[in-house]
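Student: Just need the whole structure built from these sequences, with the hints factored in.
2 protein chains.
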Amino acid sequence: MARTASLSGFPEWLPEERLVELHVLDTLRKVFELHGFASIETRAVETVGQLLRKGEIDKEVYGLSRLQDDEADPEAAKAGKSDPHALALHFDLTVPFARYVVENAGYLAFPFRRYQIQKVWRGERPQEGRAREFTQADIDVVGDGELPFRYDVEIALVIAEALSALPIPDFRLRINNRKLAEGFYRGIGLDDTAGVLRSIDKLEKIGPAKVAELLKTEVGASSDQAQLALQLAGIRTEDTSFVAQVRALGVTNDLLEEGLNELEQVIEAAVQRAPGKVLADLSIARGLDYYTGTVVETVLVGHEQLGSICSGGRYDALASKGNRKFPGVGLSIGVTRLVSRILSQDLAKASRSVPTAVLVALTNDDSWGAAQDVAAQLRSRGIATEVAAKADKFGKQIKFADRRGIPFVWFTDDDGRHQVKDIQSGDQTDADPAQWTPPSEDLHVQVTTAAALPA
Amino acid sequence: MARTASLSGFPEWLPEERLVELHVLDTLRKVFELHGFASIETRAVETVGQLLRKGEIDKEVYGLSRLQDDEADPEAAKAGKSDPHALALHFDLTVPFARYVVENAGYLAFPFRRYQIQKVWRGERPQEGRAREFTQADIDVVGDGELPFRYDVEIALVIAEALSALPIPDFRLRINNRKLAEGFYRGIGLDDTAGVLRSIDKLEKIGPAKVAELLKTEVGASSDQAQLALQLAGIRTEDTSFVAQVRALGVTNDLLEEGLNELEQVIEAAVQRAPGKVLADLSIARGLDYYTGTVVETVLVGHEQLGSICSGGRYDALASKGNRKFPGVGLSIGVTRLVSRILSQDLAKASRSVPTAVLVALTNDDSWGAAQDVAAQLRSRGIATEVAAKADKFGKQIKFADRRGIPFVWFTDDDGRHQVKDIQSGDQTDADPAQWTPPSEDLHVQVTTAAALPA
Numbered sequence: 087m088a089r090t091a092s093l094s095g096f097p098e099w100l101p102e103e104r105l106v107e108l109h110v111l112d113t114l115r116k117v118f119e120l121h122g123f124a125s126i127e128t129r130a131v132e133t134v135g136q137l138l139r140k141g142e143i144d145k146e147v148y149g150l151s152r153l154q155d156d157e158a159d160p161e162a163a164k165a166g167k168s169d170p171h172a173l174a175l176h177f178d179l180t181v182p183f184a185r186y187v188v189e190n191a192g193y194l195a196f197p198f199r200r201y202q203i204q205k206v207w208r209g210e211r212p213q214e215g216r217a218r219e220f221t222q223a224d225i226d227v228v229g230d231g232e233l234p235f236r237y238d239v240e241i242a243l244v245i246a247e248a249l250s251a252l253p254i255p256d257f258r259l260r261i262n263n264r265k266l267a268e269g270f271y272r273g274i275g276l277d278d279t280a281g282v283l284r285s286i287d288k289l290e291k292i293g294p295a296k297v298a299e300l301l302k303t304e305v306g307a308s309s310d311q312a313q314l315a316l317q318l319a320g321i322r323t324e325d326t327s328f329v330a331q332v333r334a335l336g337v338t339n340d341l342l343e344e345g346l347n348e349l350e351q352v353i354e355a356a357v358q359r360a361p362g363k364v365l366a367d368l369s370i371a372r373g374l375d376y377y378t379g380t381v382v383e384t385v386l387v388g389h390e391q392l393g394s395i396c397s398g399g400r401y402d403a404l405a406s407k408g409n410r411k412f413p414g415v416g417l418s419i420g421v422t423r424l425v426s427r428i429l430s431q432d433l434a435k436a437s438r439s440v441p442t443a444v445l446v447a448l449t450n451d452d453s454w455g456a457a458q459d460v461a462a463q464l465r466s467r468g469i470a471t472e473v474a475a476k477a478d479k480f481g482k483q484i485k486f487a488d489r490r491g492i493p494f495v496w497f498t499d500d501d502g503r504h505q506v507k508d509i510q511s512g513d514q515t516d517a518d519p520a521q522w523t524p525p526s527e528d529l530h531v532q533v534t535t536a537a538a539l540p541a
Numbered sequence: 087m088a089r090t091a092s093l094s095g096f097p098e099w100l101p102e103e104r105l106v107e108l109h110v111l112d113t114l115r116k117v118f119e120l121h122g123f124a125s126i127e128t129r130a131v132e133t134v135g136q137l138l139r140k141g142e143i144d145k146e147v148y149g150l151s152r153l154q155d156d157e158a159d160p161e162a163a164k165a166g167k168s169d170p171h172a173l174a175l176h177f178d179l180t181v182p183f184a185r186y187v188v189e190n191a192g193y194l195a196f197p198f199r200r201y202q203i204q205k206v207w208r209g210e211r212p213q214e215g216r217a218r219e220f221t222q223a224d225i226d227v228v229g230d231g232e233l234p235f236r237y238d239v240e241i242a243l244v245i246a247e248a249l250s251a252l253p254i255p256d257f258r259l260r261i262n263n264r265k266l267a268e269g270f271y272r273g274i275g276l277d278d279t280a281g282v283l284r285s286i287d288k289l290e291k292i293g294p295a296k297v298a299e300l301l302k303t304e305v306g307a308s309s310d311q312a313q314l315a316l317q318l319a320g321i322r323t324e325d326t327s328f329v330a331q332v333r334a335l336g337v338t339n340d341l342l343e344e345g346l347n348e349l350e351q352v353i354e355a356a357v358q359r360a361p362g363k364v365l366a367d368l369s370i371a372r373g374l375d376y377y378t379g380t381v382v383e384t385v386l387v388g389h390e391q392l393g394s395i396c397s398g399g400r401y402d403a404l405a406s407k408g409n410r411k412f413p414g415v416g417l418s419i420g421v422t423r424l425v426s427r428i429l430s431q432d433l434a435k436a437s438r439s440v441p442t443a444v445l446v447a448l449t450n451d452d453s454w455g456a457a458q459d460v461a462a463q464l465r466s467r468g469i470a471t472e473v474a475a476k477a478d479k480f481g482k483q484i485k486f487a488d489r490r491g492i493p494f495v496w497f498t499d500d501d502g503r504h505q506v507k508d509i510q511s512g513d514q515t516d517a518d519p520a521q522w523t524p525p526s527e528d529l530h531v532q533v534t535t536a537a538a539l540p541a
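Here the protein sequences line up with chains A and B, keeping their order. For the record, in the first sequence the residue sitting at position 174 is 260 according to my numbering, with numbers rising by one throughout. For the record, in the second sequence the residue sitting at position 194 is 280 according to my numbering, with numbers rising by one throughout.
Possibly wrong hints are sitting among the right ones.
Copies of the same chain look alike in the list, so a pair counts if it works inside one copy or between any two.
To be verified - Straight-line Cα separation of at most 27 angstroms, DSS-like style, residue types lysine-lysine; simulated pairs:
#  : residue 1 : residue 2
1  : LYS407    : LYS476
2  : LYS476    : LYS291
3  : LYS435    : LYS116
4  : LYS482    : LYS411
5  : LYS116    : LYS205
6  : LYS302    : LYS291
7  : LYS411    : LYS479
8  : LYS205    : LYS485
9  : LYS205    : LYS482
10 : LYS411    : LYS302
11 : LYS411    : LYS476
These are computed hints drawn from the structure, not numbers from a lab. This structure is a prediction, so every number in the text was calculated from the model and none was measured.
Tutor: Set out below in structure tokens:
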């Protein structure tokens, strides 16, 4: 990690770093599939009209145009940009997924559970934890017409399990509920709930005093109302005691009750099934996103300034098709943000930089065919094997393996005697290509967290 | 596959189709890693200057611009397009890999073996087998200064093994050698070897008579020269007998000899290690690509009109950095082209459309927690399991599983007695959540070729 990206905001990994990323991706996929989520991918490209349906984010979007077209007719290119049919790169996986669901509704079985791991692009100013090209790993469950609340509970538990399986520091899912917040604001007489949320969302950045000012100027709150909204946002519990704390504020509202009940279900299940990983945090607002119930952000403990590594929530209408509504609940893991942090702070490491476990050395240039036979036998048992390309001196071939991080070198002498050398220990022993297997820790690349690394 | 892409040239798969694609990708990755290739990914974006270094392909390239920028200043956007620092999407994985090697040369161990599986984009007119967004799977070996020819042999064998592991019809790697062709052309007095190659490349499209005309008009060949060039291109053998056939044409040239010797090595090894999969085909020219030795195209037998599904070859200088040259040899599989054909012709199928093997039914709404416990036990043994969200009637829950293609439904009655129902057979038997495992063919999704499917 001495390197910096040659194009700012577009990180690329060295092979040993990519192994850490692959381990993260494989682990997420495994957990998602064990929970019955099906893989889909959507095209990288959407129409501008589709991407900007929710407005306000157009400055982040990369538009596409064929180079040849532009040179032929610059005016056409310009027109293309404001044309809703023009193409642009997707900036998240939720908007494309919503389109996919609508387009393929007739072919999907609902509730439809999918995971989607893909690159997304945003033309923002790059900074730590914020790239222009990055990988997201999303899970969502989407229903046709209705979607039981239980999926909100399940999604949180699946994500807690997935994150727990990664080589990352401890984390906390901070969960709130829009119904709870909006019901509370209405209950105290603040009806511009979106405005209140927008102000509360700035709490971590500007502090309670300034938020109180904002609430007064932006949504016309009284001092008492601002105080109550801030008191609500100050509630943070690891168990369901938040319910009593909210009730103690003396506000009654049906939507508030519904939200309290929903959040209680999530926290109750989490206390039991993901103890210590989840908390009710009534300050979570999730900015301008169009959530309608559960909202989630996730911090890495000790890396809070990195921002949320996993966010999402419930949409009453993830998508709609005429009168038909598709409610959804989902969470999105910022894989690149996580992997960047793992690599920049050496939180985890790959045991070697190549998949290869064995290099088959050449005794002489004619032995390449025999060496390939040995390699094929080893590969048939799942042992990643390379064959040397030249019959250099053995010392040089061993050095070649060592430099590439290959743990074992195989030798076959002219009499057909096979030996395998453990480069680390220097031990060289007789071995049968039809039988020999490396120790399990050397069979595949291992990715281990810093804590588990030898000092 | 009743559907067509909602955006022409940008195919998207349904979950059961994606499972076929995933199987293809997983299989390729497994074979590549078994042969010691390390994974890398490069950013989707290159500078226009980098992409157009070799010229002549700019009309295929998608340029990028931030929407907001363009609206602010259309002239800036226009300037950006002809600016070599402007960004565009990569159209293959070779150009980005070459840049990556140069940028990271100090961190890589050479010969560097990598595989790279990513999407690429080309703004071409979409047609069968040609999409605007598609996935390529590349392997390359690149050396620092020199790269033994043996890697050309190895790359061909690895690809033959990888393609053999896929659920696709029989295939043939058609291999030629640029040195052989160019040496031969020089030997008969045609020095514009690029011009000859360009004409020969049209052989399949326009036939030998028209190619002979082209050779006369384009490179000034005599009838005899044109005839000899066509005779060379007509040689196609499954063994090394092409060497004698070329010699019988009576042309002598050092470069020709070098090419004959190289191609002979490839074919000799292939006859032994990939019998029936490889042939010497002296008509293969590979268009305008800058290969310098081995060149490869691959056809699916019975699907020749689909075009090449795997192409590549040897570059003397894949990349260079000052005086330092990085020769490479590599092949690129057109994954989307293959998968599109598999799906459109039902050549292979996934055994179900979801990863889930078991649905745990709910006896009543309070049993969700107990059902999650059963699911966790099953998942701990690698059995993909979902829990029902609602305590519908059992018939409805079974139907839910059936509709989603989940093969087993798990029931736990109020007395804690566990039973599992095989939906296909209807059998329902007692089962222990700590012990029970589905038959291996139901544990994971299976992708089988049409030939292996039950009639």
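Student: Run every hint past the structure and note whether it holds.
Tutor: Okay, the hints, checked on the actual structure:
Taking identical chains as interchangeable, the C-alpha atoms of LYS407 and LYS476 lie at most 27 angstroms apart only when they sit on different chains, with a minimum of 25 angstroms there against 63 angstroms within one chain. When the C-alpha separation of LYS476 and LYS291 is checked against a cutoff of 27 angstroms, the pair qualifies neither within a copy, at 61 angstroms, nor between copies, at 41 angstroms. In this assembly of identical chains, the alpha carbons of LYS435 and LYS116 lie at most 27 angstroms apart whether taken from the same copy (20 angstroms) or from different copies (21 angstroms). In the homo-oligomer, the alpha carbons of LYS482 and LYS411 lie at most 27 angstroms apart only across protomers (22 angstroms), although the nearest pairing inside one protomer, at 66 angstroms, exceeds that limit.
When the C-alpha separation of LYS116 and LYS205 is checked against a cutoff of 27 angstroms, the pair qualifies both within a copy, at 19 angstroms, and between copies, at 22 angstroms. In this homomeric assembly, LYS302 and LYS291 come within 27 angstroms of each other (Cα to Cα) only inside a single copy, at 18 angstroms, whereas the closest approach across copies is 75 angstroms. Taking the shortest alpha-carbon separations for LYS411 and LYS479, only the inter-copy value of 25 angstroms comes in at or below 27 angstroms, while the best intra-copy value is 70 angstroms. In this homomeric assembly, LYS205 and LYS485 never come within 27 angstroms of each other (Cα to Cα): the closest approach is 38 angstroms inside a single copy and 36 angstroms across copies.
Taking the closest pair of Cα atoms, LYS205 and LYS482 never come within 27 angstroms of each other, the shortest separation being 41 angstroms inside a single copy and 38 angstroms across copies. With identical chains, the CA atoms of LYS411 and LYS302 are never at most 27 angstroms apart, being 36 angstroms at best within one copy and 67 angstroms at best between copies. Taking the closest pair of Cα atoms, LYS411 and LYS476 come within 27 angstroms of each other only across two copies (20 angstroms); inside a single copy the shortest separation is 64 angstroms, beyond that limit.
Of the hints listed earlier, those the structure fails to meet are numbers 2, 8, 9 and 10, in rising order.
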